[in-house]
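**Q** Using the supplied hints, reconstruct the complex from the two chains, each of which is provided in its own coordinate frame.
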Amino acid sequence: MESFTPVSALAGGALIGLASALLWLGNGRIAGISGIFGQLLPPAQTVIWRLLFLACLVAGALLASWLVPGLGVGGPAGRPAALVTAPNWTGIPTPIWLVIAGLLTGLGTKIGNGCTSGHGVCGLARLSARSLVAVAVFFGVAIITVAVTRIV
Amino acid sequence: MPGSRTLPYLATAAVSGLLFGAGLYVSQMVDPLKVLHFLDFGAIANGGWDPSLAFVMGGALVVMFIAVRIGRRRPAPLFDEAFHEPQFTRIDRPLVLGAALFGVGWGMSGICPGPAISLIAFLPANLWLYLAALFIGSYAGSLIVPSGRGRRLTAARGVPAE
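Chains A and B, in that order, give the protein sequences. Quick note on our numbering: the first sequence kicks off at 1 and runs consecutively. Quick note on our numbering: the second sequence kicks off at 153 and runs consecutively.
Don't take every hint at face value.
[Stated by the list, open to error] A short, non-exhaustive set of chain B residues, derived as facing chain A with CB atoms under 7 angstroms:
1) GLN180
2) VAL182
3) PRO203
4) LEU247
5) GLY266
6) ILE269
7) ALA273
8) PHE274
9) TRP280
10) ALA285
[Claimed, not checked] Label-pair ranges, simulated between beta-carbon atoms:
11) GLU237(B) <-> GLY91(A): 45 to 53 angstroms
12) TRP66(A) <-> ARG157(B): 25 to 33 angstroms
13) ALA197(B) <-> PRO87(A): 15 to 23 angstroms
14) LEU295(B) <-> GLN45(A): 14 to 22 angstroms
15) PRO6(A) <-> ILE218(B): 42 to 50 angstroms
16) PHE4(A) <-> THR158(B): 42 to 50 angstroms
Calculated from the structure, these hints are not laboratory results. The beta-carbon is built from N, C-alpha and C at its ideal position, and this holds for glycine as well.
Okay, chain B solo, but in the shape it has when bound (with noise of 0.2 angstroms):
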């Protein structure tokens, strides 16, 4: 894919990376018990529920949303060719039982994948085993059925889609 390895496109990626890294210590959303308090809904009634995580996604989202609304009135990025939206739109089976499976995985862990790999840097006891358990889950996943990436790696036959 051409750009890719350009030391701006590269320089992009380091630094969109640190900033995410800083943004889930500084909102504690690398402590699963914090993420559990806020999925902890039963808690509202006596007092004990910790809304931190919607303010979190609510900050992150107002940003987001801008930056989207500047990238619709250009052509490109700053460094590559096009955008990579998402072009597939259907809401189908897989999209349902996957975000069912990722919630209950969700759920009985407190740690979705940003918080799971930026915890490397704290090192909690079984972080490598929980890891490793995401690791093959995602790979057995596309396995089982082809995300739309590999659908259209597919149907051009070898012709890199990217």
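Here chain A stands alone, though its shape is the one from the complex (with noise of 0.2 angstroms):
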């Protein structure tokens, strides 16, 4: 199997559950990160805790690589973090192949409302069936994607 990982997997599975758990239960919030990202632009009524939330975000990720280094990629003794390069045979050069994915997932969660983790985790808990539906529709396309382009 290519590197499976259950252990730190489950823990940072657990850490994201207790982060979306905090924020329901204090605030009454969807931890939904496209929603959060999303919604910092007009009309927005609430703009600092999404900013301080997506600036804690960068700050937890970062502090964890110094904490627990060299788990994966990312801090000072993991594997230098990388995007990914388009697939050659689509002779689409990589800046390209990585604004349309980042067009297409602006776009897309916007419209339908959540991610991964809103949908996927929130929406889920919450045994929401438009997040089923999402949720279903999102990992098949993905599945598909990744086997039509061949890009691992």
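**A** Right, here's the structure in full:
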């Protein structure tokens, strides 16, 4: 198996769950990153906590990479973080490939009202039918996309 | 919106963000290749598949499921007047279309919005380019299909919906 890491996956997942639980029980907010990010734009009403959350999202990854170094990518002891390169057969330059991926992800998560965290973690935990459909669709389409592009 | 600028409210948002970012690093979901090795179901047959992402989702879901059950027995969260539970429940075309577009973007890159933003901690090449595209895509989406919140705001004619 390609470097299967069940322990760090479960531990990291539990931390993500704890973060979502805290935001829900403390502030009554869904910890959906695309929503927190996407609603920074007008007509945003509540910008301060969103910016604070996102800044701390970055700080949390950085701090953890110092406290528990060398788990995977990032931090002083990890492999350097890298985005993907475009598959050769497409002939598309990598920066353009990444811009297309970013545009589709931004657009899709906005009109679909959520991403892996909002629909995937919070929505499924709330037993939301909308989230179940969204999760099935984006996982299914992502699996097909990887198969078609042969990116790995 | 009342309460969203109080110290406990902002501290909760900050600690939640810190835990979330730490979780993304610890689970290695900040590594696009690790995510792609999960999405690569074609590799199941030859033993090259990495099921880690399912364990990340599972770990997060168990904790959040318990939190939602605790929340159901309370009238309100600790630091706000009400739970901001999405009220829109219809499974409509924008939901499915949006999820499909996101699926393509996710499969092309191995990053979704959470890891993308937390990767600012490690600054891989082309990250700012990707984040700019993410932001523009999100803004374009808000112009094309108003979100549930946007619809409520429009309905309320300028009265803050939150």
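**Q** For this structure, which hints from the list above don't hold up?
**A** 9 and 15
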